Amino acid sequence: MKVGIPVMKCSLNPSNTVNKKTGKKSQTCPVDLAWQEMNDERIGRDEDIDHDMTHLNVWMDGKSSDDVVQMVQNKIDEINRVKHENGKRSLRKDAVSVIEVIEKPNIEYMSELAYEEKVKFLNDSHEVFKQLINEWNNNWIILESVQHHDEFGGLSAHNHNLIMLTTEDEKGLPTMNAFKEVNLKFYSFMNKNYPKMMRERGYEVEDVRTYDMLTDEERMERKLNPQQHGVDSYTYKKRKKEEMERQLEQLKIKSEEMDANLKNTILEITKAPDLISYKDIQHENQVLKEELTIKDKIIQKINLEKEELKQSLEMWKYRCVHIANKIGNKMLNVIGINMDEVDIKKELPSTDVIQVIDDTSHTIQYNANDLRVIPDSQNKGKFCVILKKDNGFDVVDNNFDNRQLAEYRIKEIIDLKIEINPIKVKMNMDS
1 MKVGIPVMKC SLNPSNTVNK KTGKKSQTCP VDLAWQEMND ERIGRDEDID HDMTHLNVWM
61 DGKSSDDVVQ MVQNKIDEIN RVKHENGKRS LRKDAVSVIE VIEKPNIEYM SELAYEEKVK
121 FLNDSHEVFK QLINEWNNNW IILESVQHHD EFGGLSAHNH NLIMLTTEDE KGLPTMNAFK
181 EVNLKFYSFM NKNYPKMMRE RGYEVEDVRT YDMLTDEERM ERKLNPQQHG VDSYTYKKRK
241 KEEMERQLEQ LKIKSEEMDA NLKNTILEIT KAPDLISYKD IQHENQVLKE ELTIKDKIIQ
301 KINLEKEELK QSLEMWKYRC VHIANKIGNK MLNVIGINMD EVDIKKELPS TDVIQVIDDT
361 SHTIQYNAND LRVIPDSQNK GKFCVILKKD NGFDVVDNNF DNRQLAEYRI KEIIDLKIEI
421 NPIKVKMNMD S
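Note that our numbering numbers the sequence shown so that position 65 is 65, with each residue one more than the last.
Quick caveat, the hints were computed from the structure, so don't treat them as lab data.
Just so you know, these numbers come straight off a predicted model, no measurement behind them.
Listed below are the simulated DSSO-like cross-link pairs for lysine-lysine, each with C-alpha atoms no more than 30 Å apart in a straight line: (1) Lys-93 to Lys-20; (2) Lys-171 to Lys-130; (3) Lys-93 to Lys-21; (4) Lys-382 to Lys-252; (5) Lys-20 to Lys-180; (6) Lys-185 to Lys-223.
Working from the sequences, and respecting the hints, build out all of it.
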């Protein structure tokens, strides 16, 4: 897995001065805005925050009701008092007094874990984080730390920290010096040691190649294309959501095309049975089963609220056998085979058989090993079965009263997949 550790500087009174060389304003964040987004009010620009899931967040340091702004102001007042007593000037009003640090595992890894597993991982991660902060500067104060489980459907679980930068100057007087402490050396220290210490706890966390490890060509590439080397959380999740919507739209189009192909094939079989041999009929029946299996997976992708998956799949298996028999009996009768000798009923495909084919024609093939159980974000206290993908997940079934029922549903789906063993085959017919 990969774990990012983005850092943002915060001030009680951020500077509005524009840099004459770059033409940009300071990117320092107001402490009060950072705190409002972090605490249980969850006030911020993220549109994917689910307030119905905020109760799942876990506080590790501090609490949501704390007055962080006043805590920081009290510390600044204390520092200024000591400075004045020693003939020093007060801190600048726009001094960086706090840094906001996030321990952010990638969504693909966290989506595979149950809620309890996510909490354990983030607790272990925070223990490592606190140890590193203490080693870097034991004067720093971790004011607030919380696990957020209410973003991106609970899949983007991460740790959020606010740290007050209390330091000492060359004379041992208290001060706040972010320029000296929060720099490239600090980023390198965190990114080099965090993965190593997490691996010691049993987590396969990848190493991060810090800036000082890059070649000259790689550094130039970062300067020319900075957007390719990391974006803020809001932009990242927005892109993820757009990507999932595009994939869903492509699957809808593919489903419609496959529906049309299947219906045309059925029409050809029913209109021209005398052109097909008995061996061809057996082959086409098998292909029909495989096409129906593929279509059934598409319905899972498009209709996220589909219920009673087990019942519909069991009915599909039962009726498919009858479809094969009925079409096969008709073909045998047409080409002159004595039906009495083989003890098979002679009957044309009925209207209800054609309807069964239509009802079960919206499926898609998938890897059953990618099925997982997570808390259901739409129903408190419920669980749902999801299909994990490279860039997110899809809900297969939901509204389970407990995790055991949801896991049993996965077993049923896997058993059915093994029995059918779907292989997508393109049906070809000579007219």
